[in-house]
Amino acid sequence: MNKLAYIGFFLATVFILTAIFAPYIATHDPIKRFEKIENGESVSRKNDPPSRDHWFGTDSLSRDVFSRVVYGARISLFVGISVVSIAGIVGIIIGAIAGFYGGWLDKFLAGYVFNVFLAFPGLLLAIAIVAFLSGTNPSATDRIRHLIIAMCITGWVGYARVMRGQVLKIREYDFVQAARALGASNIRQLFIHILPNAIQPLIVQASLAMAGAVLAEASLSFLGLGIPPPSPSWGTMIDDARGIDTLRTAIHNLIFPGAALALTVLAFNFIGDGLREYLDPKQRKR
Amino acid sequence: MNKYKIFNFAKRLGLFLLVIFTVVSLVTILIELVPGDPATARLGDQATPEQIQAFRERHKLDRPAFFFTYSSEKGFQWHGSRNRYLDYWKGVLQGDLGISYDTDRPVLDMILERYPMTIRLALAALFVAILISIPLGVLAGTNKNSLIDNFSSVFALMGICLPSFVIGPLLVYLFAVQIKIFQPSGYEYPEDIILPAITLGAALSAILTRMVRSSVIEELGEDYVRTARAKGLSERIVVYKHVLKNGLIPVVTILGLQLGVLLAGAIITERIFNLRGIGTLLLDGINTRDHRLVQGVVLVISVTYILANSLTDMVYRWLDPRIRLN
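Sequence order for the protein chains is A and B. Residues in the first sequence are numbered consecutively from 153, following the numbering used here. Residues in the second sequence are numbered consecutively from 121, following the numbering used here.
One thing to keep in mind: the hints can contain errors.
[What the hints assert, rightly or not] Below are the DSSO-like pairs computed for lysine-lysine, each with C-alpha atoms no more than 30 Å apart in a straight line:
#1 K259/A to K365/B
#2 K264/B to K155/A
#3 K184/A to K198/A
#4 K321/A to K131/B
#5 K125/B to K259/A
#6 K131/B to K259/A
#7 K198/A to K300/B
#8 K125/B to K321/A
Quick caveat, the hints were computed from the structure, so don't treat them as lab data.
Kindly produce the complete structure, drawing on both the sequences and the hints.
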């Protein structure tokens, strides 16, 4: 596997461990507002630059940026894993059905349903679904649920297409034919014989989709359609930091969550590309 | 045109119409997901029953949502053609997307007012992307593993992993705060489109640079390049006249597919730079809970996206005769 893929694995591991052990890594409470003593008076620690107390500085509401970035990894990872696994399972099942049964069912699914879902720009559909699902002042758990539903609705098609293509190819292989001749049921053929041989490109798809889901969560949060404040999502943090005054005086508010997001997206893209190259020897030479 | 071609064209047209039909239907049905009653949500708890009734009649909310409804108390009920789904369809076919809950103006007028800005932004971004990616991709592809090739790889990587809502504020920081040559937001003068266009076009430049590069490398290995070189043509003519012409075919597809992505991405860019386009209109609609407006904007963006994709498909077929035969 190429070097970039190893970098990807390393960064992804850091990201996942940070998310899991967030309470131990964070140096402060991510939603607490801090104060400092200035001329004998206690004033808010608004937009302080990075220091020994606050490694990534403080934001416009005097909160510790480092701890918020650390806890932000949790939201990203949770949304990402939920979306990848739910959309993956749904997509794999639908793709397998389309590829395995063929005929009018395949024509309907691959020729029509897939095309309809691909016809929407994913981000727009996700925005619309979240906007329509949420009533006034949705709670944080509702919003996370809506985000995951929206991203699954837009995300399953990718897996379904890959899976369908794989099943169409593999079901004609001799060992599947042999299993069929021995009287294996359709379910058995699909899950015992076809799926294990179809899994490789699906892993690549999952890795790229993970990058996409992390990015989509941040995008929706940036647009104010994500998890409501004060929960620390990277997208919301970037949105808070983009005002001209904050840019002028406290650019660290933008840099740190932006870098965390970029590195995470980069990591999963590297893994996906690296795996694709590794699994497809034809591409390795390039 | 032979029979086969006509059949093929009819098939694509049929699928196109079917997709449009489904998209309109989905958007129509999506609005029914909104929890609560729009009339009370807009008018508040203090509204009199007459006011609520008037609002419902004005926005055609007094009819059932669909051809039939099912509830556990009343069971299955058939409502016939007097329903909101059909009403919306009738409106769409007559160019009427309903009336905004918030401003009481026709939704279509509001969209048409804002659309030129978004199209200007998307085209400017497309222009930026082409301007960067074709020269950079060709240079990288013809000088494989050189300094410029490595630079183009790093550039492409940054464009792919840095989302527009990080690039945008960074550009504002660099070119409106540190070096004051552009306005941080708004659109007054033509040059105000530059930062938004770079923000929106960055990801596309990255993807295109990689595509142009690999496309050029692939084409350089073809037999016709050897023939052209053997004829004594200069390397410049070989690259720009022969290789680029063939190498750009796959790039055209990506460009067309990306035009729709740009329209969706414009939502984020317009928010960063506070541009009065269709994206900020959508976000305003969401914030004021003007679901009729949101519905209209989603519909218009989706239809534009589908149209762009279908047109690309046709141009692609026309450019590359090999595909026409298949």
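- Check each numbered hint from earlier against the structure, then list the numbers of those it violates in ascending order. 1
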